[in-house]
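Chemist: One letter stands for each residue in the lines below.
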Amino acid sequence: MEVMMLLVYDQPGVMQRVMGEFNRKRINVETIVVGKCEMPERARIVLSILDREKAISVIEHLRALHEVIECDLVDQSRHEAYALLFHKEGVCRVTGTVEEVDLIVNKSGADRYIQAMNAI
Amino acid sequence: MLERQNVEVMFGIPGGVLLPFYDELVQSDIRHILPRHEQCAGHMADGYARVSKKTGVCVVTSGPGATNLVTGVATAFMDSSPMVAITGQVATQVLGNDAFQEADSFSLMMPVTKHNFRVTDPKVFPETMKKAFLIATTGRYGPVHVDIPTDIFQAEITDEQMEKEVRVPKPKKNLSGLLDAIKLLERAERPTIMVGGGVTWSRAGAEIMMLSEMLMAPVVTTLMAKGSVPENHPLVLGVCGMHGRQVANYALNNCDVLLAIGTRFSDRVTGKLSEFGTKTKVVHVDIDSSEIGKNVKGRVGLVGDAWTVIHALIAGLQKRKKAATWRDRIVQLNKDCTCDYDLKSPPLKPQKVIYELSKNLPDDAILTTEVGQNQMWAAHFYKCYGKRMFITSGGLGTMGFGFPAALGAKVARPESVVVDVAGDGSLQMVSQEFATAVENDLPVVVALLNNGWLGMVKQWQKLFYGSRYKATQFTAGSPDFVKLAEAYGAEAIRVEKPSEVAEAIVRATKADVPVLLDFVVDPEEDVLPMTPPGKTSADCIKGRCQWKDGVC
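Quick mapping for you: the protein sequence lines, in order, are chains A and B.
Letter by letter, the first sequence follows residues 24 to 143 of this note's numbering.
Letter by letter, the second sequence follows residues -3 to 548 of this note's numbering.
Next comes chain A alone, as it looks inside the complex:
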């Protein structure tokens, strides 16, 4: 199972365009989660596909879409949790197992944070 994460503009028609690429390449999407994200007017799509080769074949096509800002496969090491830490110095992204991310969030003393457990 491959997990793909896309950062897209949050506007009507985006899902149709993104899913259109999967449709054209006859790739079945196993699961899909979409939602607004930490950035204004952006949304994140997280989805999973069974076949790695197919997943790779569609990435460049997705990146070519004007509404897709980022598109990547999430590393095979299974990131289970995800957090964004807001410091005075800037924003920091953390991924890893639930325990690792928990530990870092607690230790970091961030001003604010967003944390997603078992997100992927």
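Be a bit skeptical, because a hint or two may be false.
Lysine-lysine pairs mimicking DSBU-like chemistry, simulated, CA-CA at most 35 Å apart [claimed, not checked]:
#1 A:K48 / B:K126
#2 B:K290 / A:K59
#3 A:K48 / B:K466
#4 A:K48 / B:K275
#5 A:K77 / B:K166
#6 B:K127 / A:K48
#7 B:K179 / A:K77
#8 B:K119 / A:K59
#9 B:K127 / A:K59
#10 B:K293 / A:K77
#11 A:K59 / B:K49
#12 A:K48 / B:K277
#13 B:K119 / A:K77
#14 A:K59 / B:K179
#15 B:K318 / A:K48
#16 A:K59 / B:K169
#17 B:K127 / A:K77
#18 B:K166 / A:K48
#19 A:K48 / B:K268
#20 A:K77 / B:K290
#21 B:K290 / A:K48
#22 B:K331 / A:K48
#23 A:K48 / B:K293
#24 B:K544 / A:K48
#25 A:K77 / B:K268
#26 B:K169 / A:K48
#27 B:K275 / A:K77
Computed from the model, here is a short list of chain B residues facing chain A with C-beta under 8 Å [said to hold, decoys possible]:
#28 F96
#29 Q97
#30 S103
#31 M106
#32 P107
#33 I131
#34 S285
#35 S286
Hint data in this document are derived by calculation from the structure and do not stem from the laboratory.
For every residue, glycine included, the Cβ atom is placed at its ideal position computed from N, Cα and C.
With chain A fixed as given, assemble chain B onto it according to the hints.
Modeler: This is chain B only, laid out in the frame that chain A set:
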């Protein structure tokens, strides 16, 4: 807004929702051409773009206007032609309510455009239009569609909104494989260059020839690249693929390093994909990173436009001496492959017509084709050199493309002779455009190869389906094309004898009205040689072809 994008000409058909747009156009200097069918508006804009290398603009109304235009836009998409297609839409208040002449053209156009917009907020209207033009010509060219509800045309727009700057992402470049590519090409004993439509668009023909002479490598072209390199050069082998020249396919299959530039390895070129280039190392250059490794996998890939990459390669390879054995052999084979197709005996053969076109057209003539046998005869036998251009629907294979594209080409380059090589099947799909040609004073020549059949499909039924013909012959006969053209106010000449061909062509090119040349050709003639679909060149059906499989 269109004037600000330096639009000089547009092809459009008005409709209810476009009335405010056309009312603005009354005071504009933009030349407007009214085709007789929306599909042809698309093809005309496409033809215009391919000749002028500027973005073609077409405008059609909502609903049926938009659905009719889909074919035109899809054709441009498959051949990477820059276009901005504007469709009117019902007013935003009723959008989504199945209003009169409403179709979801935003969704319809999505898979056949590079990008498309639906404008629902007048504030972003000007920047959307700017973006559309930018996207169409940034990176790999392509059509961009903008769907505009009728009330958006009427909304007030401030100067500030008008002046807003827009940016689109720059095309990616990845030349990290450049050194590997240079090493491969240096060591190559039998290098071959294959050029595709990308080279036509970036007009890198001269640089290709420089590289070819440096590497002593022959150049084969795809259908889309025909005309980008001079076909009277001894190292240019012509079009490869299913109906390609045998020497071109020979070079493609027997080279050790293939430098493929601006081509996407279409199935019509590769034949059986699993057998293609198994013994060959491939360097693949394309502006679109998603093309690298799409069809032919595991090769050195360079992402960038043809012109830049070729210059980088030339700089990297400077003045390395190569052995001339491969080059000499190919030049000899190229001579052997040049057959005599000046077929003088009756009945009139289509090859004879193409022969005379090739011989008698000026050096800056533009040839467009429809799709089918006429297209392949033209691709195989017509010689494109100098400023000659060859315009065809290679990707989508749209019958009825050639005639409207010829009209668009004539608009872009009125000083050149423009000839559409047509079949009787294709021409009947767009024959109404004679009205547009006459009305707008566009004296193009339609060279109709009239055999009374849907020839290419018939050929496949003959070769692969045991001559079981179905729905390929026009059993009631075609209309009298001479009378048809004359009814529209065009001139027409019927030609039945081989000896009359040349004179008719010369007469037609000098006319100041559109001319139809109705060549009544032998219906039994097939387009050969032909590599059957999904097969390799070893299975080639040769027919009249004298090729001796690369034996000198």
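Chemist: Among all the numbered hints in the text so far, which are the ones the structure does not match?
Modeler: 11, 13, 14, 15, 22, 24, 28, 29
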